[in-house]
Each structure stands twice: as structure tokens, then as C-alpha cells.
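Visitor: Chains A and B supply the protein sequences, listed in that same order.
Residues in the first sequence are numbered consecutively from 213, following this note's numbering.
Residues in the second sequence are numbered consecutively from 7, following this note's numbering.
Keep in mind the hints are simulated off the structure, nothing from the lab.
If you're wondering where the values come from, they're calculated on a predicted model, not measured in any experiment.
Any given hint could turn out to be false.
What the hints assert, rightly or not - Here are the simulated DSSO-like cross-link-like pairs (lysine-lysine), alpha carbons at most 30 Å apart as the crow flies: (1) Lys-297(A) with Lys-330(A); (2) Lys-259(A) with Lys-215(A); (3) Lys-40(B) with Lys-133(B); (4) Lys-65(B) with Lys-38(B); (5) Lys-400(A) with Lys-133(B); (6) Lys-348(A) with Lys-408(A); (7) Lys-425(A) with Lys-400(A); (8) Lys-408(A) with Lys-40(B); (9) Lys-297(A) with Lys-421(A); (10) Lys-239(A) with Lys-425(A); (11) Lys-65(B) with Lys-400(A); (12) Lys-40(B) with Lys-425(A).
Claimed, not checked - Sample of chain B residues facing chain A (criterion: CB under 10 Å; computed from the structure): (13) Phe-12; (14) Val-45; (15) Ala-118; (16) Arg-122.
Cβ coordinates follow ideal geometry from the N, Cα and C atoms, glycine included.
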Amino acid sequence: MSKPKIAFYWAGSCGGCEVAVVDLGEKIYDVVDAFDIVFWPVAIDTKYDDIRNLEDGEIEVCFFNGCIRNEENEEIARLLRQKSKVMIAFGSCSHLGGIPGLGNLSSRDETLDYVYRKTPVSGNEGGTMPCTTCVKDGNTIDLPALRTEVSALNDVVDVDYYIPGCPPPLPVIEGAVAALMNGELPRKGAVLSTEKTVCDECDKEKRKKMVGKARRIYDDDVDPSRCLLEQGIPCMGPATRGGCEAACPSANMPCTGCMGPPPASQEQGSRMVTAITSLIGVENEREATAEEVAEALASLRDPVGFFYMYSLPTSFLKRRYNDE
Amino acid sequence: MTEESFEPKIVGFLCNWCSYAGADLAGTSRTKYKPNVRVIRVMCSGRVDPLFVLKAFEKGADGVLIAGCHPGDCHYMSGNYKTRRRMELMRRMLEQFGINPERLRLEWVSAAEGARFAHVVNDMTEKIRELGPSPINGGATDE
């Protein structure tokens, strides 16, 4: 009897998720023993046609990482969905839109213009811009077009499970792979990680102390044994699902929110507004004027970019608007 | 939608102790004011989760009004201070999202200020009318 088939794919991503799979180390042999890898562009030589030639649902599980940034990403997502029984969004980009999702704060034209014309290192004197069709020596080459906005995987296809993280932490991947191999997967649509927040897993001391202003991690006097947020350092811990064992705060870096919103919360930004405003700007608030409150909160730089670093395309507002 | 036919849809979160009573006073005093605010009574302006604001905009509101007790008068001591901090941050975030921050308004209306409530509603309705329909989700639907 042939082994069940699995596939890995990367769409709009950096490749970190692929490294996370390789990080399984020797455990990957267990996966290879149990499954037949039919498609993994980063590691084995397979073509899109190999997938097109499969029967519908012939792939047992597809691990899909990366956001949907261009038409090719979308096309392959639909193809793999059709050919797979279980579709798993692997990593922040496919789960929530990921860091590329911040591209939704600019229009497609602004992005292309900046990248190809305005960066100090563009070196594009002729002003060449990417196009979707190119004719060279009588041959026509088609390239996928950039979509107007970045989407998470479940915006274009039905997704069965999510493995969160940027990249997903090893214990989370191992847990998911074990559940898969033992046939113990939970209800459809589940995020395969803990129900707790990063704060629950973080062992820094919390004193429920307020601060006047936000600070940056490189400011001096940061006490590594105490909660970073309570020292005025923006940390996404309260608005982020755990499973990473608070990896970043343990290394004295604030959490940036890659595991996405915790189960009780629908999106990270609004939850973080509540969390951070219960700490920052509280000092002497009774005497403060509205302007002074605004000034204290202005110490918090780029709230949208920070609160939605990984989840903008799946947040309530999703992108930038043009409100004249 | 033409400018004349555009009626702003505003979701108003009013605190039970001051602003809702203020709106009630405006009503019992027979004060005329614009019918554009859909009122939701909350126990305290501090009960307004930033998520409610985003959800209102996502569902097609052209503006969101939050009204609570004046600073120092909160029935629960500090709820309105919380709201002040949250909504200040929310306004900055709306700006980053390219949404005019005037669409989110925080006002203090006491139980005795029926006339002020009417003024706030009229003023906000006219401001939003000038701004036009919300750009989110193609503006308000007629539900």
C-alpha cells in the first residue's frame, strides 16, 4: 500500500517557515516514513504539472506557508486546495497575512513605485517597471501580477487548520505533526497551539505598575526580571496566543505578536489598545488635560504597524482607506 | 450617493449614568435634534471596547460617538479616564488607516446637559455629512 501523500508550498513568504520544518531535525524521518512528500519546491524537484496530474483530494495534507501576494500564489493555493484533503495554513503569513500584510497600508502602485524607483538602492535609471507579459526572441513570457492587496490563505480558499508563528515554534509543529500522524486533529478551523496568551507563559515579574510614557528596548534601566510592558516597553504579550513559551520576552525582547490573537479575542490591535492604555498615560491622569494624555500616548510610535505587525489583512479594518 | 441624499449613520455609545440620562433629558425636554445617532446604552464609557468601535465601522457606520461622564464624575471612578486614553490611541490608529479621525468622537455629557447632547449630535451629524460616507466596506448599507 502506498503511503499517504503530503505537500509543502511557499507563497508570499521569506522561507523561514521552510527552515522551521527542517528544524524538526531527525524527527523529519518519522514524517518521511509515514508520508510520501509529493511536492516541496524548496527541497525537491517537482513541477506544478505534477500536482495538476493528481486526482482531487489525493494529497492527504498540504502545509501552505506564505501570504497571497500575487496571482500565482492565489492560483496555486486553489490548485492545492482542490488536490488536498486537509489544508493547513503554516506560519503567520498564511494564517494572518503576516509581515507582508503591512503592505496593505500602501496601494499596489505606491509599493511598486517605491520599490522600483525610490529606494536609495533601486539603481533603476531607465525607470523599468515590472509587467505581466514580456516578449523576447519571439517568445512570450507571462508573469503573475501583483494583487491589489495582501490576503491570508483563508481569504482565497477553505482552510482546515492553522499552525501559527513566525516561524512556528518547534513544539507547536511537533504537536501538530503528532496530532496529524495519530489522527487526533481537533475540530475544523482550530489553531493548533495553546489557548493561553504569551503573558501566561512569560515568567517575568508583574507588579501591576503604571508608567507615564512608552520607551524603547534600547533605553537604559530596563530590568530584565520584570514585565517589559510595565516598564513602558510595548510588548504584544497580552494580545497574542502562546505556544512559543514566551521565546522573545525570555530573551528580553518584547513580543511582536506573531502567534496571532488569543482565542478569546477577535483581533490583536483593539485588544492591545485596551492593554497598553491601562498602563501608559495613567500617571497623574486626574490632573492631566486631554492634550497631556495625547502627548503621553504619542510616545507610542506607529501603533498600527506594531499592533498589526502580523495580522493586518485579517484584522477588522484590513487595509488603508482613502478618506478625503 | 449624492450629497443631498446622504444621511450619516452614527453609532452612539452612551454611558448609563450621565450621557444616556442627558439624552433622555433632551427627549423629555422636547429638544429637536438630528435622528442620525443610533444609541447603544452601556454601563460606563469605559465599557466601550476598542473592538466595538472597529466593529461599528466595519459594519458600515459613518461615525462613532462615545459619550460619558465629565472627568472626575465617573460613576465607577475612572472609567472615563480609561476611555479617554483608549480613544486617543484609536484616533491615531484610524488616521494611520487613512480614516478621518473626526469620525470617532468622544464627548462628555452630564445628566443635566440635554441641550449639550442635542448640540453634540447635530454638530457631529453635520461634520460627518461634510466628510461623506465612510470608505470602509463601500460605506453604509440600508439595513
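Visitor: A separate judgement is required for each hint: does it hold in the structure or not?
Guide: Quick rundown of the hints versus the structure:
1. Lys-297(A) with Lys-330(A): 44 Å, violated
2. Lys-259(A) with Lys-215(A): Given pair Lys-259(A), Lys-215(A) holds - Cα atoms ~20 Å apart, limit 30 Å.
3. Lys-40(B) with Lys-133(B): Holds, at roughly 12 Å.
4. Lys-65(B) with Lys-38(B): Holds, at about 28 Å.
5. Lys-400(A) with Lys-133(B): 46 Å, violated
6. Lys-348(A) with Lys-408(A): 55 Å, violated
7. Lys-425(A) with Lys-400(A): Not satisfied, since the Cα-Cα distance of roughly 43 Å exceeds 30 Å.
8. Lys-408(A) with Lys-40(B): Violated: Lys-408(A) and Lys-40(B) sit about 46 Å apart, past 30 Å.
9. Lys-297(A) with Lys-421(A): 50 Å, violated
10. Lys-239(A) with Lys-425(A): 46 Å, violated
11. Lys-65(B) with Lys-400(A): At roughly 26 Å apart (the allowed maximum being 30 Å), Lys-400(A) and Lys-65(B) satisfy the hint.
12. Lys-40(B) with Lys-425(A): Distance ~40 Å between Lys-40(B) and Lys-425(A) Cα, so the pair is violated.
13. Phe-12: The hint is violated - Phe-12(B) has no Cβ within 10 Å of chain A, the shortest such distance being about 14 Å.
14. Val-45: Interface hint status for Val-45(B): violated (22 Å vs cutoff 10 Å).
15. Ala-118: 21 Å, violated
16. Arg-122: The hint is violated - Arg-122(B) has no Cβ within 10 Å of chain A, the shortest such distance being about 17 Å.
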